[in-house]
Amino acid sequence: MAREKKEKVRSLRYSHTAIGRFLTDKHTNRSVSGSATLLVFLTVFALISLFPVVFMVSNAFKPINELFIYPPRLFFIQPTTSNFSELFAILADSLVPFLRYLFNTLFIVITGCVGHIVLSSMAAFPLAKFRFPGSELMSRIIVYSLMFTSSVTAVPTYMIMSRLRLVDTYWAVIFPAFSLPLGLFLMKNFMEQVPTALIDAASIDGSSYFGMLWRIIMPAVKPAWITLFIVCFQGLWGNSAGNFIYSESKKPLAAMLQNLSGSGVARTGVVAASSLFMFVVPLIAFIISQSNVMETMATSGIKE
Amino acid sequence: MKAITAQKSRIAGIALLALAAAGLTAAIVLNARGSYPLGKLSWIAAAVLGIMLVAGCALTFRESYARMSFSKKTGLWGIIFLLPWLLGFTLFFLVPMLEEFVYSFENVSIRPTGGLNEEFIWFENFRYILLEHATYVRSLTETVLEVMLYTVLIIVFSLLCAILLNGKFFGRSAARAIFFVPIVMATGLMIERVSNTAGLLLAQSQDDKVYGAAIISKLLFSLGVGSGVVSYLANAVNDIFEVVSLSGIQILIFLAALQSIPPQLYEVAKIEGATGYQTFWKVTVVMVSPMLLTCTLYTISDLFLRSDLADTFKDIAFKQGQFGRSAAMSSFFLLAVLLVIGIYVLPLRKAVFYYD
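Chains A and B, in that order, are what the protein sequence lines are.
Counting with this note's numbering, you get residues 1 to 304 for the letters of the first sequence.
Counting with this note's numbering, you get residues 1001 to 1356 for the letters of the second sequence.
Hints in this document: simulated from the structure, not taken from any laboratory.
Backbone N, C-alpha and C fix where the C-beta goes; we use that ideal spot for every residue, glycine too.
Accuracy of the hints is not assured; some may be wrong.
Stated by the list, open to error - Below, simulated DMTMM-like cross-link-like pairs (lysine to aspartate or glutamate); rule was C-alpha separation at most 20 Å, straight line:
1. B/Lys1008 with B/Glu1063
2. A/Lys129 with A/Asp200
3. B/Lys1073 with B/Glu1063
4. B/Lys1314 with B/Glu1132
5. B/Lys1319 with B/Asp1308
6. B/Lys1073 with A/Asp205
7. B/Lys1350 with A/Glu136
8. B/Lys1319 with B/Glu1106
9. B/Lys1314 with A/Asp168
10. B/Lys1282 with B/Glu1267
11. B/Lys1314 with B/Glu1118
12. B/Lys1073 with A/Asp200
13. B/Lys1073 with A/Glu136
14. B/Lys1168 with B/Glu1267
15. B/Lys1072 with A/Asp200
16. A/Lys129 with A/Glu192
17. A/Lys129 with A/Asp205
18. B/Lys1314 with B/Glu1099
19. B/Lys1319 with A/Asp168
20. B/Lys1072 with A/Glu136
To be verified - Pulled a few chain A residues facing chain B out of the computed Cβ check, cut under 7 Å:
21. Leu38
22. Phe45
23. Phe130
24. Val155
25. Thr157
26. Pro176
27. Tyr209
As the list claims (entries may be wrong) - DEER-style ranges, computed between Cβ atoms:
28. B/Ala1026 with A/Ala197: 48 to 54 Å
29. A/Phe41 with B/Ser1042: 56 to 62 Å
30. A/Leu39 with B/Gln1264: 28 to 34 Å
31. A/Val114 with B/Ile1014: 34 to 40 Å
32. B/Arg1033 with A/Ala92: 46 to 52 Å
Could you put together the complete structure from these sequences and hints?
Below is the structure:
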């Protein structure tokens, strides 16, 4: 006990200096060495997760001769925007206009995400808050179904789509996205944290079950569905729908850019530019919704 | 007066239901015959049928709904809320799963006229993939071992990160944002694109996945560091890189779990004189344990489905047209997934503590 106290005093030694206050975010009772270790640890891992981003961004601005430099360099020497102008030239020339690809992708992404969030929160609400015959079994099925995703069942999914006459329509990509178990799983876990007292209050005040979900639960679990939106967005954004959509005019952007990258070494610069573009859009979507996620995550634990 | 309206609504409801049933039968018969007189309008017809079914049910059972007990009503609404998701889940998830399983015992080929030719051949597909296929068994064992290692690493790392990110420190929001980047990056396409670019760059890079490590090792190599040291470092970096880039969602789930731990527990621990170490093991880990279980499950499945093996099935099915063999491969693959899940999850389940 005494030793512990001594250690604590020692660790608090620097906390009143300027750098100590800076490191501990003005909480002078926190240990400086702990905060410093934390900072170093997080910085190292943050650098690791940022590395591919930096690499991708700098690649997009490298002229073609620098892309093939050996050994490769992380940063460009003479930045150029020629990759982008070449990309735009190709896009302007393509048979199907670029805006059409963009529309296809946006339609798939937005419909898919909204439908996924609505359906999975509707299904998650009773599973999290009510008890009825079969609810335990359902929850268990969902947890176990997390381990299978569409890549394993590609062939039968295709067969079902063809039986429903959905092949070569947007819905072949959108419908499976509606019913992914991940969304239900996340929403259910977050909804379980919302106090039941809130629902009881709504029920006493004469709210319908839909009202409880949309007016009480959904605002309370805003971080959950924003997180879900991000996950869903990036999943559908990168989906090239290769197995389901054949008409060029219905293909999403990802398929088009994939074709581009398949067309040889000479296009390396264009590929680098297009991969930056493919990355930037989900990143922007993330940054816009990010403040909500990060902020409300902390306040989502409503205390009874 | 009231009785009459109730009776009327019941009659109207039954009539609507009968109509809907007739429509449904007609649709099924027409579909079985292979003729589609409505063409694209059949979607509208399906929607109309659905609305008729719902309205019919509502009108028919209005009286009995009014007399239901509260808990029964709740249960009913629970099922109604679940239905749309369940429908999609069954149609696009459960049925394909079962069908995949059936395919794995069949020789499946495409008829020139369209449709599939199925021929039951017992375990022939399994015999082929296990005994004759050149790489399947080896890559499956490799994948299993890799997944088992990475699962532990990812769970430990993401729990650690979540605990760190949950504390208050300078630049917390920035740190959380950065740790979220891998989720955005983790799209298959994104990784593929970066690694393609990097792969073109390093013409002799053997494994597309190791681009981060490859570049770092090239850089170190050019600085004159010995090759043994370089390869060790490269592997370590590669592992860390994989772990970091795959643990985004797990960190998120753990963060949510940490924030739902009641603060009273920590207060009690403090009052009783628990050290930080004790508090971590006896409060934090215990309270997070249900999420530990689900995260483990998620990680295992995620790792398996990201493995190169999962892409092999698609190639074999869609590029080579061997649907039966591909199905057998994925069935066996799922068996391996279940095995790993069993190894990790069953002992964990006993340790899980539910605070209620």
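Results for each hint:
1. B/Lys1008 with B/Glu1063: holds, 11 Å
2. A/Lys129 with A/Asp200: holds, 11 Å
3. B/Lys1073 with B/Glu1063: Holds, at roughly 13 Å.
4. B/Lys1314 with B/Glu1132: Between B/Lys1314 and B/Glu1132 the Cα gap is close to 19 Å, so the pair holds against 20 Å.
5. B/Lys1319 with B/Asp1308: This hinted pair holds, its Cα atoms lying about 16 Å apart.
6. B/Lys1073 with A/Asp205: holds, 17 Å
7. B/Lys1350 with A/Glu136: Holds: B/Lys1350 and A/Glu136 sit about 18 Å apart, inside 20 Å.
8. B/Lys1319 with B/Glu1106: Roughly 18 Å between the alpha carbons, so the hint for B/Lys1319 and B/Glu1106 holds.
9. B/Lys1314 with A/Asp168: Measuring from Cα to Cα gives roughly 18 Å; hence the hint holds.
10. B/Lys1282 with B/Glu1267: holds, 13 Å
11. B/Lys1314 with B/Glu1118: holds, 19 Å
12. B/Lys1073 with A/Asp200: Given that 20 Å is the threshold and the Cα spacing comes to 14 Å, the pair holds.
13. B/Lys1073 with A/Glu136: holds, 18 Å
14. B/Lys1168 with B/Glu1267: holds, 17 Å
15. B/Lys1072 with A/Asp200: Holds: B/Lys1072 and A/Asp200 sit about 16 Å apart, inside 20 Å.
16. A/Lys129 with A/Glu192: Within the cut-off at roughly 7 Å; holds.
17. A/Lys129 with A/Asp205: holds, 18 Å
18. B/Lys1314 with B/Glu1099: holds, 16 Å
19. B/Lys1319 with A/Asp168: holds, 18 Å
20. B/Lys1072 with A/Glu136: Roughly 16 Å between the alpha carbons, so the hint for B/Lys1072 and A/Glu136 holds.
21. Leu38: holds, 6 Å
22. Phe45: holds, 6 Å
23. Phe130: holds, 5 Å
24. Val155: holds, 5 Å
25. Thr157: holds, 5 Å
26. Pro176: holds, 4 Å
27. Tyr209: holds, 4 Å
28. B/Ala1026 with A/Ala197: 48 to 54 Å: Hint holds: Cβ distance 50 Å, inside 48 to 54 Å.
29. A/Phe41 with B/Ser1042: 56 to 62 Å: holds, 59 Å
30. A/Leu39 with B/Gln1264: 28 to 34 Å: holds, 30 Å
31. A/Val114 with B/Ile1014: 34 to 40 Å: Check passed, 36 Å falls within 34 to 40 Å.
32. B/Arg1033 with A/Ala92: 46 to 52 Å: holds, 48 Å
The structure agrees with every numbered hint stated previously.
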